[in-house]
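Asker: The residues making up each chain are set out below.
There are 2 protein chains.
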Amino acid sequence: MTNETQSRPRPHRVVVVGGGFAGLRAVRSLRGAPVEVTLVDRQNFTLFQPLVYQVATGALSPAEIAAPLRSILRKQRNARVVLAEATGFDLEHREVVLEHLPNRGGSTPLGYDTLIVAGGSRYNYFGHDEWQADAPELKSLAGALDIRSRILAAFEAAELEPDPQLRQAWLTFVVVGAGPTGVEMAGQIAELARDVVRADFRSVDTRAARVLLVEASDRVLMNFPASLSHKATSALERLGVTPLLNHTVVGVADDSVAIRGPAGEVAQKPARTAIWAAGVTASELAARLAEAAGAEVDRSGRVTVEPDLSLPGHPEVLALGDMVRVRAADGSIVPLPGLAPVALQQGRYAARLVRDRLRGQATKPFHYVDKGDLATIGRSKAVADVKGLHLSGFTAWVTWLVVHLFYLIGFQNRLLVLIRWTISFATRGRGARLIVRPPEHSTSHDAADHEPDGLSRRV
Amino acid sequence: MTNETQSRPRPHRVVVVGGGFAGLRAVRSLRGAPVEVTLVDRQNFTLFQPLVYQVATGALSPAEIAAPLRSILRKQRNARVVLAEATGFDLEHREVVLEHLPNRGGSTPLGYDTLIVAGGSRYNYFGHDEWQADAPELKSLAGALDIRSRILAAFEAAELEPDPQLRQAWLTFVVVGAGPTGVEMAGQIAELARDVVRADFRSVDTRAARVLLVEASDRVLMNFPASLSHKATSALERLGVTPLLNHTVVGVADDSVAIRGPAGEVAQKPARTAIWAAGVTASELAARLAEAAGAEVDRSGRVTVEPDLSLPGHPEVLALGDMVRVRAADGSIVPLPGLAPVALQQGRYAARLVRDRLRGQATKPFHYVDKGDLATIGRSKAVADVKGLHLSGFTAWVTWLVVHLFYLIGFQNRLLVLIRWTISFATRGRGARLIVRPPEHSTSHDAADHEPDGLSRRV
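Respectively, the protein sequence lines represent chains A and B. Position one of the first sequence corresponds to residue 1 (the working numbering), numbered consecutively onward. Position one of the second sequence corresponds to residue 1 (the working numbering), numbered consecutively onward.
Rather than coming from a laboratory, the hints here were simulated on the basis of the structure. Check the hints yourself; a few may be wrong.
What follows is a set of in silico ranges between Cβ atoms, one per label pair, in the way DEER data are often shown [said to hold, decoys possible]:
no. : chain 1 : residue 1 : chain 2 : residue 2 : range
1   : A       : G264      : B       : G106      : 38 to 48 Å
2   : B       : F126      : A       : S300      : 49 to 59 Å
3   : B       : A199      : A       : G360      : 26 to 36 Å
4   : B       : G106      : A       : Q76       : 55 to 65 Å
5   : A       : H390      : B       : A133      : 52 to 62 Å
6   : A       : F406      : B       : A142      : 29 to 39 Å
Just so it is clear, the structure is predicted and the values come from calculations on it, not from any experiment. All C-beta atoms, glycine included, are put in the ideal place defined by N, C-alpha and C.
This is chain A alone, in the form it adopts within the complex:
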């Protein structure tokens, strides 16, 4: 609370949990409103998730797709940021339980008049969390940096591996899940191997790299019109990606991935690098919220909210983004994709709802305006479905570029990213190819007995 407000009557307290697209937009849309906003997040930055995969390939640096929450909100005097984890909700007493505050342990209650929860989603491992050690998720910044180090270390290992079969395993990359993230990641790895790092190595021909894109459904980019999915598939194949449709991963080890095909047959693919971008599940905040309200979550862990995004029986609690299912007036579920535009529109809607209520006005139910879908496959290749207009190739790619730059937070990030992309496009280079872990961590443990003198023989 800022000093100048202490004398005045206490304003309406809005607590927003989650500083992603939905939560941060809700906070920013409350700028100037007669409320006191507290944004709670475990991290001190907001992440531009659609570009996380570019950090994983070394095309961008973390700071270029992440912006500190405090600097975004520094001029919004009615908002403050608390770095903490919301571990529980006491809907009766209207308090959020905060833990892991930077200056103390234990848990601390935080009171609210309106609560907005936007915890987002994560990838799940079909109940096999143990797979994560060998197939890191491509959603968080930490995951992206881990993946970057593994990909680069795999090329390093291939360079030194004299055994052709073992070398091919180092040059085989399995991407699980063919949503936009999986498709873009697979395309970038293929480009990395074919263009970017090719001249960096002396012994290995990185063009021999294989990228397997495993997808359980019958086409890539399921959210897109079929025609664009097919365009994307052939673009991926031209890049050297092998889409495995109607395939599912049934096992992950550090040197292989077990994949079940459409006929039910299981194949062990020797691969040293696996990347996980499948099985979207709602943040655990959805379950905590549902539990507090005595509600249920669906198979994807999402909580169901009313047409105005409020929790059933708790109009003062709003839930947004990937972690919710929205019920229509007729009781049916409104089909909404788990994309940034939905989250942004819901955040803006939640802010308007709060303002209208304070003015005693009614608000129409939330309505999603679909502006279209975009996905890039590789250098100057993309597919776009803009209001029924189907674009592909260079036009779609430029559209993708402009849209992403436009939504990227912060003038500085935009400028730096634009320059990076320009340079990468011109030089086919990647600026941020840093292995940030000590090399021994990037090696497999059971490889000690492979050709111990292989190097000295080649020297």
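Got chain A; can you put chain B on it based on the hints?
Answerer: Showing chain B alone in chain A's frame:
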């Protein structure tokens, strides 16, 4: 070894251990020479160490001061890179022992005709390595990112800390060592608190932050002329830094630092953040090399080399950079500062020596050309000693800017850094203010009992 050389007689094999200023310059200066160069490094990138402290303050991103060794050398066909650690030297059989290769465990020998070792230096903790947990070193990229997270988390903690004394401990930063790195770091923290993050916080006034710069000698920047040391001291004081000259750190805990003053009295300074930039010691490679040659290392762990930088009794082994002392023809030790220019000149010299020997020519002893010293204190403040010409203030700062941009590796990095600096200068902002660790790691462990309901009272 590249395929096209397999038919020809085996060229002279040069193994360079260490991809820092000295080692990388040696490799690059051997471009086009009739040799086969293998660069061995534990990391896949070279680090521009003079700017590491800017990563620690969030002014720059890691990728902006680090460049992948492979992309630097991609066009140099007679050079290859091996990602490994050199754990031993067999001078008799002319082999380096490599470990932690990315594709296998165990150790692998690597033969050489000429060996160039440039392991650089690190900070030591005066025999108290346990202090490192609470006072990370400001030399590696990992250390800088750790320090960045701690500094930012300290402000977060101060924002939430109702107890004035505990809050001041979160706002007190101790920098150990007043060489260029320590001076620049102290100045940047003061600027961060006074200008950059000030408007980010609602409860805490970050201008209350204290920065203690602890230096054992009687002035800052000992390598500089006294007049510039005094200019630097007053510039630091104007920024709000408190230089503690003739003081030494005798203890480090997570909530305080014990400092002994000139009179021998010891004071416990409550401080949550300590940064280590003192006690330069040679890389352990110096000791391994000395051991292999039956030689001694000095108090700072450096090995002594001949006037031509060769190991006594081993003309085929050259040692460069911070890890060596150079003996003059008369047996005396040549006084050389541990700075990048020395390393660069020694790297160039080593390459010329190799070329001359292959041509059967003699080479003059190494001679260091002092181009001057530079250190920046804060926004538009610096001191410079260029060939006896003493600059300070804005002129020195611009000189510093130009020189550092000039030596920064890679066109892309230069451009990005220049833009970052321009933006920071104009907006007094810092782009890369990301806490990359989960918040609980950035909290102290014994703080659980402090005012557990402090937050809820203020909400």
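Asker: The structure should be examined with respect to each hint, and the outcome stated for every one.
Answerer: Going through the hints against the structure:
1. G264/A to G106/B: 38 to 48 Å: Since G264/A and G106/B have Cβ atoms about 41 Å apart, the given range 38 to 48 Å holds.
2. F126/B to S300/A: 49 to 59 Å: holds, 55 Å
3. A199/B to G360/A: 26 to 36 Å: holds, 34 Å
4. G106/B to Q76/A: 55 to 65 Å: Given a distance of about 57 Å, which is inside 55 to 65 Å, the answer is holds.
5. H390/A to A133/B: 52 to 62 Å: With a Cβ separation near 57 Å, H390/A and A133/B satisfy 52 to 62 Å, so the hint holds.
6. F406/A to A142/B: 29 to 39 Å: Cβ of F406/A to Cβ of A142/B: about 35 Å, so the range 29 to 39 Å holds.
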